[in-house]
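Colleague: Letter by letter, the chains look like this.
Protein chains: 2
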Amino acid sequence: MPTRYFEDFQVGDVINLGSTSASAEEIIAFAKQYDPQPFHVDPEQAKHSAFGTLVASGWHSSALFMRLLVDNLLNDTISMGSPGVDEVRWRRPVHPDERLQGRLTVLESTASKSRPNMGVIRSLCELVNQEGEIVMSLKGLHFFGRRPEFFQSRE
Amino acid sequence: MPTRYFEDFQVGDVINLGSTSASAEEIIAFAKQYDPQPFHVDPEQAKHSAFGTLVASGWHSSALFMRLLVDNLLNDTISMGSPGVDEVRWRRPVHPDERLQGRLTVLESTASKSRPNMGVIRSLCELVNQEGEIVMSLKGLHFFGRRPEFFQSRE
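Protein chains in written order, with our numbering: chain L, 1351 to 1505; chain B, 1351 to 1505.
Just so you know, these hints were derived from the structure itself, not from any lab.
Treat the hints with care, since some could be wrong.
Because identical chains cannot be distinguished in the list, a pair is counted as satisfied if it fits within a single copy or across any two copies.
[To be verified] Listed below are the simulated DSS-like cross-link pairs for lysine-lysine, each with C-alpha atoms no more than 30 Å apart in a straight line:
#1 K1489 to K1382
#2 K1463 to K1382
#3 K1489 to K1463
#4 K1397 to K1463
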């Protein structure tokens, strides 16, 4: 796959980011370090929680999405970073070994006025489970480099 | 500290969540698993990046905040989870061993109409470095249990 520039993202594009999952051990290891609430770290206590079973930290599912995004998209782009994300929603519990598919839909594409070598893409990012249910969604903000010929022609 | 209920959060309250930091090894370990971009995983390549040095993944700084929130607040509340967060902003690079202070400011407090045993708190969550600069901010949404006497009196 050739490198993607800002100009290669079109509003409406849906990009498949492959799939991932987290084992019970990985869910517990993440949560012990970053989100040690009982239903994320202890299968026994999780039985008595509102979830009824061990579930991944919402931050863990967001991090799993990020890994798919880096491996299957960002590493083939001229990525210039991100100032953050909006509307992160942990819509459904994520269970051990659940197969999670990542996808990114391009919502907006805007050339930067202040930085002519850069464009801003806004996206809807989703993780979908095997039943087709959206378990996590967020609105992404991405800075991408512009095609050199375009950028240079504006100098 | 006694358990905090929904009623114990007042708009304008600023809650100190203590401090944390991540070593270069921890920054690299997180990023290798969840955000393997060169400036997060390789100090040599990071020198040639826009950052000029190794920096933590934004998701890592958000996760570091979450750990402070769980240890220093959520574990002393009747936490009923969170549907997500808004306006996550990675405002400044986070470097190895930087001391990061967490704080939460209560922005809004709303009793739930559909679930009388619950209230919703909206918050501004921030990580601040030793120079007093905000390195990460987000708007939190938190579900907390109501004081039993209040909840029961409405039955």
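Colleague: Compare the structure with each hint and give your call.
Modeller: Okay, the hints, checked on the actual structure:
Proximity of K1489 to K1382 under the C-alpha cut-off of 30 Å is found in both arrangements, the shortest distances being 27 Å within a copy and 23 Å between copies. When the C-alpha separation of K1463 and K1382 is checked against a cutoff of 30 Å, the pair qualifies neither within a copy, at 44 Å, nor between copies, at 34 Å. With identical chains, the CA atoms of K1489 and K1463 are at most 30 Å apart both within one copy (22 Å) and between copies (28 Å). With identical chains, the CA atoms of K1397 and K1463 are at most 30 Å apart between copies only, with a shortest distance of 28 Å across copies and 53 Å within one.
Hint 2 alone, counting from the list given before, is not met by this structure.
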